[in-house]
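There are 2 protein chains.
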Amino acid sequence: MSQLITIIGTGNVASHLAPALEDAGHKIEAVYGRSQDRARLLGDRLNNPRIADNLDFTRNRSTLFIIAVSDNAIEKVASDIALPKQAVLAHTSGTTPLSSLDRPGLENTGVFYPLQTFSRQRDISFEGLPLLIEASNAFTDELLSETGESLKAWVSKATSEDRQGIHLAAMFANNFTNHMLDIAGRIMKQGGLDENLLKPLIRETVEKAMTLSPASAQTGPAVRGDTNTIQRHIRQLEYNPVIQELYRLISRSIAESKPGG
Amino acid sequence: MSQLITIIGTGNVASHLAPALEDAGHKIEAVYGRSQDRARLLGDRLNNPRIADNLDFTRNRSTLFIIAVSDNAIEKVASDIALPKQAVLAHTSGTTPLSSLDRPGLENTGVFYPLQTFSRQRDISFEGLPLLIEASNAFTDELLSETGESLKAWVSKATSEDRQGIHLAAMFANNFTNHMLDIAGRIMKQGGLDENLLKPLIRETVEKAMTLSPASAQTGPAVRGDTNTIQRHIRQLEYNPVIQELYRLISRSIAESKPGG
Chain A
1371 MSQLITIIGT GNVASHLAPA LEDAGHKIEA VYGRSQDRAR LLGDRLNNPR IADNLDFTRN
1431 RSTLFIIAVS DNAIEKVASD IALPKQAVLA HTSGTTPLSS LDRPGLENTG VFYPLQTFSR
1491 QRDISFEGLP LLIEASNAFT DELLSETGES LKAWVSKATS EDRQGIHLAA MFANNFTNHM
1551 LDIAGRIMKQ GGLDENLLKP LIRETVEKAM TLSPASAQTG PAVRGDTNTI QRHIRQLEYN
1611 PVIQELYRLI SRSIAESKPG G
Chain B
1371 MSQLITIIGT GNVASHLAPA LEDAGHKIEA VYGRSQDRAR LLGDRLNNPR IADNLDFTRN
1431 RSTLFIIAVS DNAIEKVASD IALPKQAVLA HTSGTTPLSS LDRPGLENTG VFYPLQTFSR
1491 QRDISFEGLP LLIEASNAFT DELLSETGES LKAWVSKATS EDRQGIHLAA MFANNFTNHM
1551 LDIAGRIMKQ GGLDENLLKP LIRETVEKAM TLSPASAQTG PAVRGDTNTI QRHIRQLEYN
1611 PVIQELYRLI SRSIAESKPG G
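Heads up: the protein sequence lines correspond to chains A and B, in order. To convert, take the position in the first sequence, counting from 1, and add 1370; that gives the numbering used here. To convert, take the position in the second sequence, counting from 1, and add 1370; that gives the numbering used here.
Source of the hints: derived by calculation from the structure; they are not laboratory data. The beta-carbon is built from N, C-alpha and C at its ideal position, and this holds for glycine as well. Incorrect hints may appear among the rest.
What the hints assert, rightly or not - Ranges of calculated distance between the beta carbons of each label pair, as one might list FRET restraints: (1) B:Asp-1450 with A:Asp-1493: 55 to 65 Å; (2) A:Arg-1490 with B:Arg-1473: 51 to 61 Å; (3) B:Ile-1421 with A:Arg-1490: 51 to 61 Å; (4) A:Arg-1420 with B:Arg-1618: 40 to 50 Å; (5) A:Ala-1443 with B:Ser-1530: 45 to 55 Å; (6) A:Gln-1456 with B:Tyr-1609: 40 to 50 Å; (7) B:Leu-1476 with A:Gly-1562: 23 to 33 Å; (8) A:Asp-1564 with B:Arg-1490: 21 to 31 Å; (9) A:Arg-1490 with B:Asp-1450: 55 to 65 Å; (10) B:Arg-1618 with A:Arg-1408: 29 to 39 Å; (11) B:Lys-1522 with A:Arg-1420: 26 to 36 Å; (12) B:Arg-1429 with A:Asp-1564: 34 to 44 Å; (13) B:Asp-1564 with A:Gly-1562: 37 to 47 Å.
To be verified - Derived lysine-lysine pairs resembling BS3-like cross-links, with alpha carbons at most 25 Å apart: (14) B:Lys-1559 with B:Lys-1569; (15) B:Lys-1527 with A:Lys-1559; (16) B:Lys-1569 with A:Lys-1522; (17) B:Lys-1628 with A:Lys-1527; (18) A:Lys-1569 with A:Lys-1397; (19) B:Lys-1397 with B:Lys-1522; (20) B:Lys-1397 with B:Lys-1455; (21) B:Lys-1569 with A:Lys-1527; (22) A:Lys-1397 with A:Lys-1455; (23) A:Lys-1569 with B:Lys-1569; (24) A:Lys-1569 with B:Lys-1628; (25) B:Lys-1522 with A:Lys-1569; (26) A:Lys-1628 with B:Lys-1559; (27) A:Lys-1569 with A:Lys-1559; (28) B:Lys-1527 with A:Lys-1569; (29) B:Lys-1628 with A:Lys-1559; (30) B:Lys-1455 with A:Lys-1628.
Chain A on its own, in the form it takes in the complex (with noise of 0.2 Å):
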């Protein structure tokens, strides 16, 4: 069912978000920013919203609201932000439990939660993209489901303890991993080599991981318990005692996870 929705925030995930929301048959009624001129860039994006200057919502006919906002300001709009009795109120965020929503005369709160990593410069589908869905009440979750498949994003159940462990696994997946690449690019530089030896690398690593799983895709010295090369690659680090430390630590820690290790 096509909803009307208003959109608060105008970060990475809100302007994500909100034009799929409308290729997806839906209609945003209002955007709301802290900053005017980047809800009014938002909005030039979308099908003439009205670009809002404050957070009573309460003359609105949206059916969902959607906080799109840095994690720390969630609590702030909820507790500012007036709505139509009925509306949907919901938040996107992996780390911010469902309860931050609520208040008195709440009822209908959930979490709308995309599993991404959204940045300006790249566009995302949120075809098959994991939306984990959380909801204070049957009704919510239905329209939050029915909202998320309409994207044909792949929507799942999780709570907002489940959300704790898939953030931090998320951590790793993404942030940690990014640092592994960018550690790499760097040695690299340093070297006078050209970065992108090491793309058909990174892509086969990724793949390989994904096909076989990480734990039987694991390969090189630590694995194999090879100490020369281990003490080598720690010799060439020494320009950098943190990565020297966080090579000995990730070897360790590859050696410990050895099945039977």
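Using the hints provided, position chain B relative to the given structure of chain A.
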């Protein structure tokens, strides 16, 4: 130019490289492996090579002998092998210096290092794959480069010192990235969550890092200085002290890698 080639080794590199060389129009004259059974298995996938039972190749007609054995076996093979005069002897190792092939009477030595992670279970195309060449003289350089070009690989020159840096960078890009994905998967399992939920995030993380550069793609609590989230994640990891310490150290490394950090 089409070459007659002898392959020493039956492991992951040999068993990907030998069929690719035949597909590119070369002929594998002989295969040698410590295990005759494995040499025969590889031979079965080729156009009827001789399965050699020793390293005396003085009567072979091959112009190129490729040693694709484990790093610590290369010197032993190089000292035991007997070659026709003028033949080129090359190894495929990232970590082993060209000088490990030095031997009186052996003039044409080289390195033919495909920068990729090979495993029995996955097909690898050599097209576009970095193939790092080092050679003792111009004749060898030309023969190895032409052979690499015939595979449509990305042929590039790299000294033994370059390869040391590239191999260390590849540790982070391959081994350590894979370990991050392994930990992410284990955190999901620990919480009874479906690991597949992370796949779209992992794919986008890597594509984004390769498009935008990992440094500018870095997001998350460490780069934002969000100590609340970091502390909560560290508490969540109390059940595994090594991974907990890894979390701390990677977060510190990310914070210190920030431009101006």
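Cross-check of the supplied hints:
no., hint, result
1, B:Asp-1450 with A:Asp-1493: 55 to 65 Å, "57 Å, holds"
2, A:Arg-1490 with B:Arg-1473: 51 to 61 Å, "58 Å, holds"
3, B:Ile-1421 with A:Arg-1490: 51 to 61 Å, "58 Å, holds"
4, A:Arg-1420 with B:Arg-1618: 40 to 50 Å, "46 Å, holds"
5, A:Ala-1443 with B:Ser-1530: 45 to 55 Å, "54 Å, holds"
6, A:Gln-1456 with B:Tyr-1609: 40 to 50 Å, "43 Å, holds"
7, B:Leu-1476 with A:Gly-1562: 23 to 33 Å, "30 Å, holds"
8, A:Asp-1564 with B:Arg-1490: 21 to 31 Å, "29 Å, holds"
9, A:Arg-1490 with B:Asp-1450: 55 to 65 Å, "59 Å, holds"
10, B:Arg-1618 with A:Arg-1408: 29 to 39 Å, "35 Å, holds"
11, B:Lys-1522 with A:Arg-1420: 26 to 36 Å, "56 Å, violated"
12, B:Arg-1429 with A:Asp-1564: 34 to 44 Å, "42 Å, holds"
13, B:Asp-1564 with A:Gly-1562: 37 to 47 Å, "44 Å, holds"
14, B:Lys-1559 with B:Lys-1569, "14 Å, holds"
15, B:Lys-1527 with A:Lys-1559, "16 Å, holds"
16, B:Lys-1569 with A:Lys-1522, "16 Å, holds"
17, B:Lys-1628 with A:Lys-1527, "36 Å, violated"
18, A:Lys-1569 with A:Lys-1397, "41 Å, violated"
19, B:Lys-1397 with B:Lys-1522, "17 Å, holds"
20, B:Lys-1397 with B:Lys-1455, "19 Å, holds"
21, B:Lys-1569 with A:Lys-1527, "17 Å, holds"
22, A:Lys-1397 with A:Lys-1455, "19 Å, holds"
23, A:Lys-1569 with B:Lys-1569, "19 Å, holds"
24, A:Lys-1569 with B:Lys-1628, "22 Å, holds"
25, B:Lys-1522 with A:Lys-1569, "16 Å, holds"
26, A:Lys-1628 with B:Lys-1559, "16 Å, holds"
27, A:Lys-1569 with A:Lys-1559, "14 Å, holds"
28, B:Lys-1527 with A:Lys-1569, "17 Å, holds"
29, B:Lys-1628 with A:Lys-1559, "16 Å, holds"
30, B:Lys-1455 with A:Lys-1628, "46 Å, violated"
Going down the numbered hints, you'll see the structure goes against 11, 17, 18 and 30, while the others check out.
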